[in-house]
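Participant: Note that the protein sequences, when read in sequence, are chains A and B.
Going by my numbering, the first sequence opens with residue 1, and the numbers climb by one from there.
Going by my numbering, the second sequence opens with residue 93, and the numbers climb by one from there.
The hints are simulated quantities; they were obtained by calculation from the structure and are not laboratory data.
Glycine included, C-beta positions come from ideal geometry on N, C-alpha and C.
Honestly, I wouldn't trust all of these hints.
Stated by the list, open to error - Covered stretches of chain A, going by a simulated chain B footprint (3 or more residues, C-beta under 8 Å):
id : segment
1  : 26–37
2  : 42–56
3  : 77–89
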Amino acid sequence: MSFAAGEDVVVRNDWPETRGPAHIRTPHYVRGRRGRVVRPLGAYPNPEDLAFARPAAPRALYHVSFAMRELWPEGGGDEVVVEIYEHWLERP
Amino acid sequence: MSVLEADSEALLGAIRRLLAHKGVLSEGEIAAQRRAPCPGSAASVARAWTDPDYRALLLSDGTRAAEAMNIPMRGMPPLGVLENTDTAHHLIVCTLCSCYPKAVLGYPPYWYKSSAYRARAVRDPRGLLAEFGTLLPQELKIRVVDSSADFRWMVLPRRPSGTDGWSAERLAAIVRPGDMLGVTVPIA
Chain A
1 MSFAAGEDVV
11 VRNDWPETRG
21 PAHIRTPHYV
31 RGRRGRVVRP
41 LGAYPNPEDL
51 AFARPAAPRA
61 LYHVSFAMRE
71 LWPEGGGDEV
81 VVEIYEHWLE
91 RP
Chain B
93 MSVLEADSEA
103 LLGAIRRLLA
113 HKGVLSEGEI
123 AAQRRAPCPG
133 SAASVARAWT
143 DPDYRALLLS
153 DGTRAAEAMN
163 IPMRGMPPLG
173 VLENTDTAHH
183 LIVCTLCSCY
193 PKAVLGYPPY
203 WYKSSAYRAR
213 AVRDPRGLLA
223 EFGTLLPQEL
233 KIRVVDSSAD
243 FRWMVLPRRP
253 SGTDGWSAER
263 LAAIVRPGDM
273 LGVTVPIA
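For reference, chain B alone in the conformation it holds in the complex (with noise of 0.2 Å):
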């Protein structure tokens, strides 16, 4: 039997023994990469919301921001940060790959590298928004943004109504990755 045509879970099960067995990474390391480093990113968001000075610096460099939170971001692309309005919201999606905000982000998430989500963004964004369960207004504008080339795209998503007087770490907490994405918007 070929590796093509063996069972992807046992391949997969077998280089990660492998990889531990010579010492190239550890099961430890391994689930620890798996896991999205969101915290930061979410942290990020938060403190955009509470900080006037550091919201202006997000959307102006999203690199020396992301920075700013401790996030690594040497040798990773520029990031950009586009900021949901009460008149524009914002998607993104890589129709020529899946260029992804990885540096705070982690990985993505499998749909996002589906052909299905790549060509649905592009053309029918509502139809696929109201897929997550994300219905906008038709006098929102949705500005579905394509990554494709050398920027990687986050949203600052609108802080939700609800969440007055909130400190920033309560606030961090409702932040998913998707609201970043902008296929969800955050729910207090």
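Isolated chain A (complex conformation) (with noise of 0.2 Å):
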């Protein structure tokens, strides 16, 4: 699935580490969570294979931007900004 700038998504709600040794680079803190795509970064070896020494398929990164309030319950009117792979990204 690929996702274009301004696009809204959401994080998939997945928990990879209570099932075993898992290396994962989307933060906790945004599963579940809407953002929106500022812009995509390009593609690289996913980061959960590379870690394991395993064969490590492109994966298309994207910069997505959250809104304080949508991550914290103190919320506030900034927000914050997170490199997410396409696989962790679904639409609302």
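Using the hints, put the two chains back together into the complex; each one sits in its own frame.
Facilitator: Next up, the structure:
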């Protein structure tokens, strides 16, 4: 699945680390949260495989922004921008 | 006594002497590595302030722009540069580990790797910045950039007022590593 700049996305609410050894570059605080694609950042070998010396297929990487109020109960008008791989993103 | 119980300063001293003794690294080389190679990146910021074409290159392809300033980027992760404006201020953090734009800023300051900095940057950036003496108006949006994957990020700070007519060399002298992480802003 590929995404365009400006598109609304939801980060998968998945916790692979509870099922066994895992190396994940998706911070816990954005999982299950709604954000917006800032821009595509290219494609890179999937770090989740790379970390275990497995063959790592290239995955598209996106800069995704999240409103503070989407992430934390105290909210605020600022935002956090996170690099997220395509396989962690879904359409809302 | 095990290595884990040893005094850390004594242990570091012993390792440094051993590296020198075995000819792996001299004390001079270690000292050179510990000095942040910031001049190149500060010069890059100053050039972006004075040369619109270079500014465009810096914002579109940080790696090529760094290479244009003779900063070696080969084998380094791609460098993204984010511009502070009168509506948005960027702050760089890595909540997952300690990803840092080492190619341009050298080794990170000790607090960059601390749990406190990493946790607070994404939750209470204004409170965190206040402790660095950086007080931003509410209407200026803070964009916290969590270096979570393959990019390394650097901030292009705003050129401070009162610097009209300054040469690029004079401008470069006021740009600090913290300004390029967004914890501080350049002061003329």
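Participant: Does each hint hold? Answer for all of them.
Facilitator: To see whether the hints hold, each was checked on the structure:
| no. | hint | result |
| --- | --- | --- |
| 1 | 26–37 | holds (count 3) |
| 2 | 42–56 | holds (count 3) |
| 3 | 77–89 | holds (count 9) |
The structure fails none of the hints (numbered hints given earlier).
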